[in-house]
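Participant: Sequence:
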Amino acid sequence: MFRRRPLPVVSRTAALLFGLAVALISAPLVMPLFPIGDDLGEGSVAPRTIEAGESVTYASEALTEAARDQAAAAVPDVYLPPDSLTSQQQAAALKGFFEEVRAIRLRAGLSSQEQVVAIGALPSASGLSAAGRASLVAIERAAFDSFSARASSALESIMAAGVKDGSAEARVEEYLAIPANVPTTTTEVTALRELMKAFAVPNVRVDESATRKAKEEARKNTALVFQTYARGQVIVTEGQTLSAADIEALQSAGLIESGIDWYDLAGGGLFTLGAGLLLAIFVFQLQPFPAPAGRRMAVTVVTAAGVLFAARFLLPEIGQEGSSHYLLFALPVAAVAMVAASFTDLSFAALMAIVTGLLATFIGVTAPDLAGATFTGPIEAFELAIAYTAGGLVGAATVYRAERLSRFALAAVAVAGSTWLVLVVFWMLSEVRTPEDLGWLSLAAGINGAASAVLTVGVFVLLSMALGVTTRLQLMELVRADHPLLLRLQDEAPGTYHHSMMVSALAERAATRIGADALVVRAGSYYHDVGKLAQPRYYIENSLDGQASPHAGLPPTESARLIREHVTNGLEIARRYRVPPLVRDFIPQHHGTRLVTYFYRRAIQDGLELSPADFRYPGPLPQSKEAAIVMLSDSCEAVVRARQDRAQDHIDEVVDSVIAERLAEGQLDECDITMKEIQQVAASFKATLRAVYHPRIEYPAATVDEVAVIARLAEDPGASRSHSVETV
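Quick note: the sequence shown, position 525, residue 525 per the numbering used here, numbers continuous.
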C-alpha cells in the first residue's frame, strides 16, 4: 500500500533558522565593521616580517609631516624689544644695593667677615653668591666708587642688549669677553660677574604671533617626501613596534586597509551565508536531529557561538611571535563537533567540524583586512584549519553515542593526538624549525584536547539540563537495573518487567542491525509499560495460573478503558520519576492508534453497539525508527508468548503476520523506517525468538532401579562407578 512521507523532525523553516543563526553569529565576527587601525595601529607589534608584494611609490604623509615638524622646530623664536621698565627697576635696585654696601663698609668696628655676613643679610643680596659678597668687601675703599659706577654701566649694557629666559649668565659672559669691559683686578672681576648674575634678569619675551607665523611659513615651504618600496623589499620585521609611517607604508602597499572595504564586507557576508545555507540544506535533507530537534539545534548553535567568539577575541591576541604562536592551536574548536556528535549523528558532526574549523580560521587569523584577524600566510592558515578540523572529526568519532564518561577522557587524548600529529607534520615541512617548537606544539595540543573534552562535558551537564535535551549519560542512568522505577516494576509487576526485558532483547538487537540507536531503544523498551504499575492485576502477564481474571464480569468497554489507561498512567508515572521526554514518548507511541483488539472483538461477539474510538489507543503513531522497533517488538513478543506452538516456522509466521498487520493499519506511516529496514527487523526478531524458544530435550522420569542406585551413591560416594547414572 502507499505510505505517505513521514513528517520531518526538522521543518524547512527550522532548518533555515538554524543556518541563519550560524550565519548571523559568524557575520559580525568576520566582517570589517570597524576600521582595521583599531586592531593593527601605531605602537602595535608586527606579528611577522612583511614584504611589499609589488613596487610602490607614494607621497608619505607621515614622513612629510615629520619633515614639516623639523623645519618648524628649526625656526628661532621671534622676541619683542627689551622691556625698559624692567631695566630701570634693576638699575635702581643695584644703586640701592651699593648704598647699603657702602654703609656697611664704613661702619666702624666690623671685621671683613662680619661685613660679608651683614651684606648677606640684606634683602637685595638674596641672589648674590658668597664669592660675590666676599669680593665686594675685598675691593679697596678708594676704588669702590669707581667700581660701583662700572657695575651700573655694565648692568645697563647687558639689559639694553636684552636678557631672555635662562640666558642671563650667557649675557654676562659675553659682556666680560670684551677686554674693555673687564676690571683691572681679579677681585673686581669676580665681584662684577657675581653682581651681574644676580641683577641681570629676563626683560624680553617671545612674540608668539610672529613666531607662529614664521613656523607656519617654514612648514608651508617644506616639500612632499616620497617613499619607495621595491617588490619583495621588507617593510616591517617581526617584533618591530609599528610607527605611523609603518602603518602608512602597509596601507599604501595594499597590505592593510583603513576603514571599510565593501568587497571585504561582501566577501565575509557571502562566506558566512554560504556556510549557514549549507548547514540548513544538510539539516533538512538528512534530518540528523532526533526530537526535540529545536533544543538540540540550540545546544549546537550556543556551543558554536562560544567557540567562534573565542576565536575572534583570543586568536588575534595570541599573535605569532616565535614558538608561542602554537598556542593558536589550543582553542577547543573540536568541542563543537563533539557536542554535535553527542546530540545528533556522526555525519552532521563531521560537517560541523569542517564548518567551524574554517570559520574559526577565517575569523581569527586568515585575512588581515578583516576585523580581528592577524597577519598570516596561506600555509599557516591551512595548517590551522587542518588541525581544527582533524581534532573535530576525531573527537566527534570518539564521543559518538558515548555511554560512559571515560569516553570523553579518551576523546581528550584522541583530539590532542590528532592535533599534535598535524602540527608535527607541518613542523617537519617547515623551513624554520627549532626543538623548542615541539614543546610548544605539544602543550597546545594537550590544552586543545583537555579543553574540548571539558567543554563538551560542561555542555552536557549545563545546557542539556537547561534545555531539556536527553543525553546518553542520562540514558545510561535510566537503564541501570537499580533504577527506582525498574525496581518497583520488578517487585509490583514482575510479569510486565520480564516482558519489558524480552522486548528490549528483541528491539535492541534489531536496532543495532539497521543502525538505529540501540541505547534509546533499550531505555524505551524498559519503560514503555510502566503505566501498568497503577493496576498491575488487570494485565494477564501479572496474573497467577488459576487466578480469576479481574476482567470477568466487566463490560468490554470498561476493560478496554482500564487497559488503555496504562498509557496515560505511564506518562504520569514517568514524569513523576523524571524520565526524560525522549523515553516517555515510547509509552504512547508503542501502541500508536491501535484497537484493544481482544475486548473489541469480544464486544462485537456480545452484539454490543459500540464505537471503535472507545477501544482505540490515543496515539500518536511512532515518530522514529526506535519507537517503531519497540512497537513491533512488543507485539511480536506478546503474540509468540501467547501461542502454544513455538516451532520455528510458526514463529516466523507470527512475526510476518504481526508486521504485516501494523503496516496495513498504517501504524508506521509517520516514522522514517524503510521497507528494507523492516525486513531486517523481522529477520532479527525471528532469529532472537528462535533462540529464546529453542526446543529442549524432554528428560524421562527416573525408574525405580535408578532411584535406588542414586540413593546408594548418596550414602556411599565411593561406590563402584559402574552404578553411576549419566544424564543428558
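Take these hints with a grain of salt, some might be off.
Said to hold, decoys possible - Calculated pairs, SDA-like style, for lysine to any residue (alpha carbon to alpha carbon, straight line, at most 20 Å):
hint : residue 1 : residue 2
1    : K95       : S126
2    : K686      : H650
3    : K197      : V116
4    : K220      : K95
5    : K197      : D77
6    : K197      : S148
7    : K676      : A664
8    : K686      : V639
9    : K197      : D83
10   : K215      : A62
11   : K95       : A134
12   : K686      : T512
13   : K686      : Q644
14   : K220      : A67
15   : K197      : L110
16   : K197      : A131
17   : K213      : D77
Calculated directly from the structure, the hints in this document are not laboratory data. No experiment lies behind these values; they were computed from the predicted model shown.
Participant: If any of the earlier hints don't hold here, list their numbers in rising order.
Facilitator: Hints 4, 5 and 15 are the ones this structure does not satisfy, whereas the remaining hints hold.
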